[in-house]
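Chains as they are written, first to last, in numbering that gives the first Met the number 0: chain A, 0 to 350; chain B, 0 to 350.
There may be inaccurate statements among the hints.
You can't tell identical chains apart in this list, so a pair holds if it fits in one copy or across any two.
Only pairs whose alpha carbons sit at most 30 Å apart, straight line, appear in this in silico DSSO-like list of lysine-lysine [said to hold, decoys possible]: (1) 68 / 125; (2) 282 / 85; (3) 119 / 261; (4) 261 / 125; (5) 282 / 53; (6) 279 / 87; (7) 313 / 85; (8) 87 / 68; (9) 324 / 87; (10) 261 / 53; (11) 68 / 279; (12) 36 / 282; (13) 313 / 125; (14) 313 / 119; (15) 261 / 85; (16) 274 / 324; (17) 53 / 85.
By construction, these hints were calculated from the structure, which means they are not laboratory data.
There are 2 protein chains.
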Amino acid sequence: MLVRCPFAIILQDKTNIPRIKHIAPEIEHSNLLRRYKAAVDSRLRAVSGAREPKAVYEPFRYALLSGGKRLRAVIVLLACEAAGGKWKSALDAAAAIEMLHNFTLVHDDIMDDSVLRRGKPTVHAKWDVTTAVLSGDEMIARAYGVLLRTSTSRSNEIARVFTNAFVEVCEGQGFDIEFERRPGVTVDDYLMMIGKKTAFLFSAAAEIGALIGNATARRTSALRSYGAHLGIAFQLQDDLLDVDGTREEFGKTIGGDIEQGKKTFLLLSALERLKGAELKEMKTILHRNGTPKISVERAREIYSRAGIFDSARKEILRNTHHARKALASLPATPARAALGWLADRLADRNS
Amino acid sequence: MLVRCPFAIILQDKTNIPRIKHIAPEIEHSNLLRRYKAAVDSRLRAVSGAREPKAVYEPFRYALLSGGKRLRAVIVLLACEAAGGKWKSALDAAAAIEMLHNFTLVHDDIMDDSVLRRGKPTVHAKWDVTTAVLSGDEMIARAYGVLLRTSTSRSNEIARVFTNAFVEVCEGQGFDIEFERRPGVTVDDYLMMIGKKTAFLFSAAAEIGALIGNATARRTSALRSYGAHLGIAFQLQDDLLDVDGTREEFGKTIGGDIEQGKKTFLLLSALERLKGAELKEMKTILHRNGTPKISVERAREIYSRAGIFDSARKEILRNTHHARKALASLPATPARAALGWLADRLADRNS
Numbered sequence: 000m001l002v003r004c005p006f007a008i009i010l011q012d013k014t015n016i017p018r019i020k021h022i023a024p025e026i027e028h029s030n031l032l033r034r035y036k037a038a039v040d041s042r043l044r045a046v047s048g049a050r051e052p053k054a055v056y057e058p059f060r061y062a063l064l065s066g067g068k069r070l071r072a073v074i075v076l077l078a079c080e081a082a083g084g085k086w087k088s089a090l091d092a093a094a095a096i097e098m099l100h101n102f103t104l105v106h107d108d109i110m111d112d113s114v115l116r117r118g119k120p121t122v123h124a125k126w127d128v129t130t131a132v133l134s135g136d137e138m139i140a141r142a143y144g145v146l147l148r149t150s151t152s153r154s155n156e157i158a159r160v161f162t163n164a165f166v167e168v169c170e171g172q173g174f175d176i177e178f179e180r181r182p183g184v185t186v187d188d189y190l191m192m193i194g195k196k197t198a199f200l201f202s203a204a205a206e207i208g209a210l211i212g213n214a215t216a217r218r219t220s221a222l223r224s225y226g227a228h229l230g231i232a233f234q235l236q237d238d239l240l241d242v243d244g245t246r247e248e249f250g251k252t253i254g255g256d257i258e259q260g261k262k263t264f265l266l267l268s269a270l271e272r273l274k275g276a277e278l279k280e281m282k283t284i285l286h287r288n289g290t291p292k293i294s295v296e297r298a299r300e301i302y303s304r305a306g307i308f309d310s311a312r313k314e315i316l317r318n319t320h321h322a323r324k325a326l327a328s329l330p331a332t333p334a335r336a337a338l339g340w341l342a343d344r345l346a347d348r349n350s
Numbered sequence: 000m001l002v003r004c005p006f007a008i009i010l011q012d013k014t015n016i017p018r019i020k021h022i023a024p025e026i027e028h029s030n031l032l033r034r035y036k037a038a039v040d041s042r043l044r045a046v047s048g049a050r051e052p053k054a055v056y057e058p059f060r061y062a063l064l065s066g067g068k069r070l071r072a073v074i075v076l077l078a079c080e081a082a083g084g085k086w087k088s089a090l091d092a093a094a095a096i097e098m099l100h101n102f103t104l105v106h107d108d109i110m111d112d113s114v115l116r117r118g119k120p121t122v123h124a125k126w127d128v129t130t131a132v133l134s135g136d137e138m139i140a141r142a143y144g145v146l147l148r149t150s151t152s153r154s155n156e157i158a159r160v161f162t163n164a165f166v167e168v169c170e171g172q173g174f175d176i177e178f179e180r181r182p183g184v185t186v187d188d189y190l191m192m193i194g195k196k197t198a199f200l201f202s203a204a205a206e207i208g209a210l211i212g213n214a215t216a217r218r219t220s221a222l223r224s225y226g227a228h229l230g231i232a233f234q235l236q237d238d239l240l241d242v243d244g245t246r247e248e249f250g251k252t253i254g255g256d257i258e259q260g261k262k263t264f265l266l267l268s269a270l271e272r273l274k275g276a277e278l279k280e281m282k283t284i285l286h287r288n289g290t291p292k293i294s295v296e297r298a299r300e301i302y303s304r305a306g307i308f309d310s311a312r313k314e315i316l317r318n319t320h321h322a323r324k325a326l327a328s329l330p331a332t333p334a335r336a337a338l339g340w341l342a343d344r345l346a347d348r349n350s
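The task is simple: from the sequences and hints, build the whole structure.
See the structure below:
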């Protein structure tokens, strides 16, 4: 059902340029992103350097330096450049955004009692809850410290955008928890929740990059919109990947959302659309531990027949389209091209 | 052993002015503090107003609006005024400092598994760990939001001081946890730890007030020093109060530190000073659950005979003296007088 070709969307462009022509920019964008990611990793290592107490900084380093795509940080850098700034001037802010993201992972893993993250034990599983609470707290504290080092005349605006994202991410997590307990959650509720929990951080990443690049209000708003749409597409793709049997796994369980009874876009759409026996079957996903659930294969079959995958795919493409469209008001630069390429790639990623 | 008269230090001044003359300023300072506390409470209520999700904001309000002396917030306001500013302009920052403080309480209570705070169940006891982690996170996020509303040309400096306090408080908590597990902790280690865990926030409160009052570097430094010394005195007085059998209790257990085997200034001083049988007796305080400990009465007796109470008292008075001395470089204003009075009162408080 899902299109698996990594450059499918590029190929679906109306340009009709043969594929061979796409390889050069593809490599170019990849290289740019790899270089930016390496710079972010290096800044994060510097930030996590020798500090005491060990009880805080060992788990801090473990969580922060154990991989990850550094996607949000790279978006800060690209947005800064797309806005006319120098990407290196945004490195501290990029590290800070990544630290905010990793802070949420450490604390969310406590709340969800997840024991694996990126294929390794989570902080509270490897140490304990105390260590995970405290090293998460220190991570967000140090994130502000790193953010405030940014040399810019717009530091107050930047701190506000960062803080707003922090507030929204926590509220999003609160809604996520509430929704797990509450009946009658709708697809719209879900989209609101992921807007806070996931998309806001992408939008803040792009906006902060724009501010460091000293963008006009119009360009700042365009980049903010790019991030917000990208974030929604990213999360919906995550929902899809959960039931995608073809994907390579690393630390995640296929069908984990179904196992845990998570109210994803897929499930909520199915519950709104289905009737009769199939509705009843899908509702078993909501069962709490101990009662038998529908199999992942069967859920996939129902999703497929009811057009749920198509809906999700459509919503992903719609958001990706809006993200790309938002970029149109920026001058044509390699950074803008890379942001557009990234949107396409994320919408079709398989990990 | 402990002096119990609430205005003892004022009476011990070298002025030799009869006590009756002190009643007027006493009432004046009290009224000022009460008024500022009420303004802080009102701002905190406004900040905690109707927001969703409930899963976050119910415990948020519960923790933030369940009493407390609002001491750190009042210091922000008084420091602002003492620096020549208008105290009302510091209300948002005062609320933010109080929120940072309450965030640490919510998370520390998880880590220490404390079930009572200000005589009421703690957040994780009343709800659960998830709720306490998340509402604490939201509290520090919103604290930044409130702080950044402050209208000042020095907002970047203020955000840095606030962040530095946040970083230090977390590191202090980390050392506290490490020290509980580690043998050979000294009184100096302890003083370093409470410098981070407690005093830094007082010092940041005074410094942020000074910055909002647009103080010179010299006055800012004086107020920072006032806060740091006050904070140390405050924590040492807390240690004393734990074994003070005469005090009225509200939500705390007399001898709780002894029960929990906490390495306080008293215990660490005793362990450094005692020998033979008494040293052996005091070491039983370090026993983990299940093994018999020395009684609170017996510990008190040993502390008293070994001069530990006197040492603590001396250290409190020394820090209070330094706090007062730091104020001398500021112009003589009612706010400065109130800060001095507050230092004396805290050094001799019984709750």
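Comparing the hints with the structure gives:
Taking identical chains as interchangeable, the C-alpha atoms of residue 68 and residue 125 lie at most 30 Å apart only when both belong to the same chain, with a minimum of 22 Å there against 38 Å between chains. For the identical chains of this complex, residue 282 and residue 85 are neighbours neither inside a copy (51 Å) nor across copies (60 Å), given an alpha-carbon limit of 30 Å. Taking the shortest Cα distances, residue 119 and residue 261 sit within 30 Å of each other inside one copy (22 Å), while across copies they are farther apart (34 Å). Proximity of residue 261 and residue 125 under a CA criterion of 30 Å is satisfied in both settings, with 25 Å inside one chain copy and 25 Å between copies.
Taking the closest pair of Cα atoms, residue 282 and residue 53 come within 30 Å of each other only across two copies (26 Å); inside a single copy the shortest separation is 46 Å, beyond that limit. In this assembly of identical chains, the alpha carbons of residue 279 and residue 87 never lie at most 30 Å apart, being 54 Å within a copy and 59 Å across copies at closest. Neither within a single protomer nor between protomers do residue 313 and residue 85 lie at most 30 Å apart by alpha-carbon distance, with minima of 35 Å and 56 Å respectively. For a Cα distance limit of 30 Å, the shortest separation of residue 87 from residue 68 inside one copy, 18 Å, qualifies, whereas the shortest one across copies, 45 Å, does not.
Proximity of residue 324 to residue 87 under the C-alpha cut-off of 30 Å is restricted to the intra-copy arrangement: shortest distance 26 Å within a copy versus 46 Å between copies. Proximity of residue 261 and residue 53 under a CA criterion of 30 Å is satisfied inter-copy only: 20 Å between copies versus 36 Å inside one chain copy. Taking the shortest alpha-carbon separations for residue 68 and residue 279, neither the intra-copy value of 38 Å nor the inter-copy value of 55 Å comes in at or below 30 Å. Proximity of residue 36 and residue 282 under a CA criterion of 30 Å is satisfied in neither setting, with 42 Å inside one chain copy and 52 Å between copies.
For the identical chains of this complex, residue 313 and residue 125 are neighbours neither inside a copy (40 Å) nor across copies (44 Å), given an alpha-carbon limit of 30 Å. Proximity of residue 313 and residue 119 under a CA criterion of 30 Å is satisfied in neither setting, with 33 Å inside one chain copy and 51 Å between copies. When the C-alpha separation of residue 261 and residue 85 is checked against a cutoff of 30 Å, the pair qualifies neither within a copy, at 41 Å, nor between copies, at 51 Å. Taking CA atoms no more than 30 Å apart as the test, residue 274 paired with residue 324 passes in neither setting, with 37 Å inside one copy and 77 Å between copies.
Within a single copy, residue 53 and residue 85 get their C-alpha atoms no closer than 36 Å, and across copies no closer than 42 Å, so neither meets the 30 Å cut-off.
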